[in-house]
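Kindly generate the complete structure, drawing on both the sequences and the hints.
Each protein sequence line maps, in turn, to chains A and B.
Anchor point for the first sequence: position 367 equals 367 in this note's numbering, and the numbering is continuous, going up by one each time.
Anchor point for the second sequence: position 5 equals 5 in this note's numbering, and the numbering is continuous, going up by one each time.
Treat the hints with caution; some may be incorrect.
Ranges between beta-carbon positions, derived for each pair [as the list claims (entries may be wrong)]: (1) B:SER173 with A:GLY121: 41 to 51 angstroms; (2) A:PRO365 with B:ASN76: 36 to 46 angstroms; (3) B:GLU24 with A:THR384: 43 to 53 angstroms; (4) A:HIS21 with B:GLU78: 23 to 33 angstroms; (5) A:ALA288 with B:ARG179: 47 to 57 angstroms; (6) A:ARG283 with B:ALA23: 37 to 47 angstroms; (7) A:SER101 with B:GLU24: 21 to 31 angstroms; (8) A:GLY197 with B:GLY79: 50 to 60 angstroms; (9) A:GLY386 with B:ALA21: 51 to 61 angstroms; (10) B:ARG96 with A:GLY121: 30 to 40 angstroms; (11) A:GLY3 with B:ARG75: 32 to 42 angstroms.
Once the Cα atoms are required to be at most 27 angstroms apart in a straight line, the calculated DSS-like pairs of lysine-lysine come out as [as the list claims (entries may be wrong)]: (12) B:LYS178 with A:LYS11; (13) B:LYS104 with A:LYS27; (14) B:LYS178 with B:LYS104.
Calculated directly from the structure, the hints in this document are not laboratory data.
A virtual CB, placed ideally from N, CA and C, is assigned to each residue, including glycine.
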Amino acid sequence: MSGALHELLRKSGADESKRAHLEGRAKLVAAVTAMRDGGRPRAAHAATVVGTLVAAAVVVLAVVGVWRAREAQGITYRIEGMSSSDGSSGVAGDAARMVFSDGSTIALDRGARGRVSATRGDGATFALDEGRARVDVVHEGRKRWSVDAGPWAVEVTGTAFTLAWSVDSGVFDLWMDRGEVAVRGPNLASPLVLGAGKHLHADARGLRVTTDGLEANDAPAPPSGGSPSAEPSASEVVELDDVPVAARPAPADDARGRPAHSRHDWSALLAEGRYDEIRDEARAEGEARVLRRRSAGDLRALGDAARYTGDVPLARSAYDTLRRRFLGSEDARTALFLLGRLAEEREHDPAAALRFYQAYTREAPRGSFAADALGRTMALTLKTQGKAAARPVAASYLDQFPSGSWSGMARDIAR
Amino acid sequence: MLRLVPSAAAQPAPSAPDEPADAELVAMARRRDPRAAALIWDRHAGAVRDLLFRTMGRDTEIEDLLQEVFIGFFRNVEGLRDPDALRAFLHGIAVRVVRSTLRKRRVRRFFHLTPTGEVPDVPSGRSEAGPRAALTRLHVILSELGDRERLAFVLRHGEGYELTEAAEALGCSLATLKRALARADEHVQRRAVSEPLLQPYLTGARVEGGARS
Numbered sequence: 001m002s003g004a005l006h007e008l009l010r011k012s013g014a015d016e017s018k019r020a021h022l023e024g025r026a027k028l029v030a031a032v033t034a035m036r037d038g039g040r041p042r043a044a045h046a047a048t049v050v051g052t053l054v055a056a057a058v059v060v061l062a063v064v065g066v067w068r069a070r071e072a073q074g075i076t077y078r079i080e081g082m083s084s085s086d087g088s089s090g091v092a093g094d095a096a097r098m099v100f101s102d103g104s105t106i107a108l109d110r111g112a113r114g115r116v117s118a119t120r121g122d123g124a125t126f127a128l129d130e131g132r133a134r135v136d137v138v139h140e141g142r143k144r145w146s147v148d149a150g151p152w153a154v155e156v157t158g159t160a161f162t163l164a165w166s167v168d169s170g171v172f173d174l175w176m177d178r179g180e181v182a183v184r185g186p187n188l189a190s191p192l193v194l195g196a197g198k199h200l201h202a203d204a205r206g207l208r209v210t211t212d213g214l215e216a217n218d219a220p221a222p223p224s225g226g227s228p229s230a231e232p233s234a235s236e237v238v239e240l241d242d243v244p245v246a247a248r249p250a251p252a253d254d255a256r257g258r259p260a261h262s263r264h265d266w267s268a269l270l271a272e273g274r275y276d277e278i279r280d281e282a283r284a285e286g287e288a289r290v291l292r293r294r295s296a297g298d299l300r301a302l303g304d305a306a307r308y309t310g311d312v313p314l315a316r317s318a319y320d321t322l323r324r325r326f327l328g329s330e331d332a333r334t335a336l337f338l339l340g341r342l343a344e345e346r347e348h349d350p351a352a353a354l355r356f357y358q359a360y361t362r363e364a365p366r367g368s369f370a371a372d373a374l375g376r377t378m379a380l381t382l383k384t385q386g387k388a389a390a391r392p393v394a395a396s397y398l399d400q401f402p403s404g405s406w407s408g409m410a411r412d413i414a415r
Numbered sequence: 001m002l003r004l005v006p007s008a009a010a011q012p013a014p015s016a017p018d019e020p021a022d023a024e025l026v027a028m029a030r031r032r033d034p035r036a037a038a039l040i041w042d043r044h045a046g047a048v049r050d051l052l053f054r055t056m057g058r059d060t061e062i063e064d065l066l067q068e069v070f071i072g073f074f075r076n077v078e079g080l081r082d083p084d085a086l087r088a089f090l091h092g093i094a095v096r097v098v099r100s101t102l103r104k105r106r107v108r109r110f111f112h113l114t115p116t117g118e119v120p121d122v123p124s125g126r127s128e129a130g131p132r133a134a135l136t137r138l139h140v141i142l143s144e145l146g147d148r149e150r151l152a153f154v155l156r157h158g159e160g161y162e163l164t165e166a167a168e169a170l171g172c173s174l175a176t177l178k179r180a181l182a183r184a185d186e187h188v189q190r191r192a193v194s195e196p197l198l199q200p201y202l203t204g205a206r207v208e209g210g211a212r213s
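Printed below as a string of structure tokens:
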């Protein structure tokens with residue numbers, strides 16, 4: 001046996017772009033975090049409030065407690081004004097306020113529910129499950145804060161605003177006080193940047209952005225258990241009048257979009273490779289109900305589990321629904337790429353795969369899968385249409401991702 | 001048999017003076033330190049990815065398999081007896097992941113879920129030449145082997161494992177490993193002589209350049 005042949009093997013290795021490395025690392029960190037959190041009991045406190053304020057007694061789940069956040073060496077926070085708490089994973093009560101170590105605050109109105117879903121060194125992600133919250137992020141250096149509310153995501157640098165979200169009515173309101181945010185959500189092909197004084201209102205009829213000078217503190221409070229009652233005063237309708245909002249997410253059974261009988265976070269199950277359990281739970285719950293009510297994260301996990309196990313119809317349904325229900329969101333854009341993978345790997349339909357990859361590239365040119373989508377477009381173009389047709393795609397790939405994992409093939413094609 | 005590199009399997013990965021040693025990384029993982037995942041990934045992902053590549057060839061699932069290896073580590077970190085053996089532990093998980101993947105593909109092939117039993121590979125490109133093309137042919141030849149023979153060949157000749165280390169990684173006796181390796185060597189030698197692209201590697205001619213995917 002020739003040593004040169006062994007050396008050929010020994011010297012070989014997978015191309016590893018910096019981008020792929022970082023994406024892989026982020027994916028692992030998220031999976032390990034999900035495993036850690038999934039293994040920890042989440043406290044859920046039954047609300048016990050009398051009279052007309054029964055609905056105001058809610059449970060707020062704080063995923064990361066103060067001691068754990070400190071341990072994470074990320075931003076830390078304390079919770080003030082809570083009426084009860086188990087001190088580690090949950091806080092219940094009304095008018096709670098979270099004070100973060102960088103001075104930022106999030107104040108929950110009476111009856112609101114929310115949770116800190118992630119903390120980092122440069123910010124945090126807060127999920128408003130229901131009700132109204134006032135967010136005040138201190139502008140200091142480079143910040144990476146985000147607030148999620150149903151299918152909406154608000155990316156923050158340094159700013160103050162109030163937002164409200166009603167699961168039942170699907171109404172979302174955002175009142176800007178100062179600074180600037182970028183909003184992602186249904187029917188927004190790209191992030192919508194809002195400055196001070198703007199008010200975004202979205203419901204089943206459409207989406208409006210108005211400039212009404214409304215002070216955040218004067219913003220209409222959502223009625224108990226419902227959405228903000230006032231229509232935008234609309235002194236100036238800026239844009240997007242009556243843009244239809246995509247079918248809003250149907251009411252979910254709990255704050256995380258899971259029915260009471262479901263015990264698992266599907267993203268965590270996916271991270272652990274427990275694909276069959278996800279499919280079993282989906283079957284038990286009923287596919288139609290799952291597609292109608294589950295969160296974007298769960299739909300993506302279900303689609304991935306179905307794809308990995310060869311259940312093409314279920315994977316397609318999950319991704320299609322993700323795309324339809326959460327149109328305009330990052331998850332919906334990702335669904336395009338995943339539909340491409342499904343078409344390429346499971347349905348062996350390169351033409352369909354190409355269409356999905358190209359659509360993803362158009363919708364998310366800087367998305368997490370941008371390099372892979374373009375690389376796969378190049379490979380499929382080469383396979384189906386030949387080198388001449390693939391050459392411009394290869395050139396575009398090399399221009400954007402010169403050290404990407406497809407760069408070797410791109411150079412071969414471009415030569 | 002020419003062994004190309006010193007045994008690397010059991011050696012802790014080198015760390016800079018100001019970086020935690022492997023044993024410390026394992027301790028961090030055990031106490032669920034949120035920094036552990038990123039640090040372990042940064043230090044070991046490259047080597048594990050290379051091992052996967054050497055075994056599977058260019059494969060669209062490599063990044064998914066890489067995630068599976070590291071998630072497997074965090075799920076089983078309590079089972080690691082020697083914290084200094086993090087690298088070998090990860091490689092052991094990678095070997096199991098590869099064997100499981102190959103087994104699943106055989107099942108898929110049996111049930112005709114895909115024509116080949118594999119998630120379609122990346123087209124190699126018609127202009128592929130040189131070491132890359134030779135490596136592709138070598139991977140085709142390796143894919144004709146049984147799982148144990150294929151892994152024995154890669155661990156011994158690609159990763160530089162000692163025979164005993166390779167036997168341990170594959171969960172078999174030393175004698176079994178030797179037999180598997182002999183079968184792999186014989187098959188690769190027999191097939192390689194009929195592959196023009198591999199001729200330079202058999203005749204002892206000096207061949208320049210490595211082959212990255």
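Comparing the hints with the structure gives:
1. B:SER173 with A:GLY121: 41 to 51 angstroms: About 50 angstroms separates the Cβ atoms of SER173 (chain B) and GLY121 (chain A), which means 41 to 51 angstroms holds.
2. A:PRO365 with B:ASN76: 36 to 46 angstroms: 39 angstroms, holds
3. B:GLU24 with A:THR384: 43 to 53 angstroms: 51 angstroms, holds
4. A:HIS21 with B:GLU78: 23 to 33 angstroms: 27 angstroms, holds
5. A:ALA288 with B:ARG179: 47 to 57 angstroms: 55 angstroms, holds
6. A:ARG283 with B:ALA23: 37 to 47 angstroms: Since ARG283 (chain A) and ALA23 (chain B) have Cβ atoms about 45 angstroms apart, the given range 37 to 47 angstroms holds.
7. A:SER101 with B:GLU24: 21 to 31 angstroms: Since the Cβ atoms of SER101 (chain A) and GLU24 (chain B) sit about 26 angstroms apart, the hinted range of 21 to 31 angstroms holds.
8. A:GLY197 with B:GLY79: 50 to 60 angstroms: 58 angstroms, holds
9. A:GLY386 with B:ALA21: 51 to 61 angstroms: 52 angstroms, holds
10. B:ARG96 with A:GLY121: 30 to 40 angstroms: 35 angstroms, holds
11. A:GLY3 with B:ARG75: 32 to 42 angstroms: For GLY3 (chain A) and ARG75 (chain B) the Cβ distance comes to about 39 angstroms; the hint holds.
12. B:LYS178 with A:LYS11: Satisfied, since the Cα-Cα distance of roughly 23 angstroms is no more than 27 angstroms.
13. B:LYS104 with A:LYS27: 24 angstroms, holds
14. B:LYS178 with B:LYS104: 26 angstroms, holds
Of the numbered hints listed earlier, not one is contradicted by the structure.
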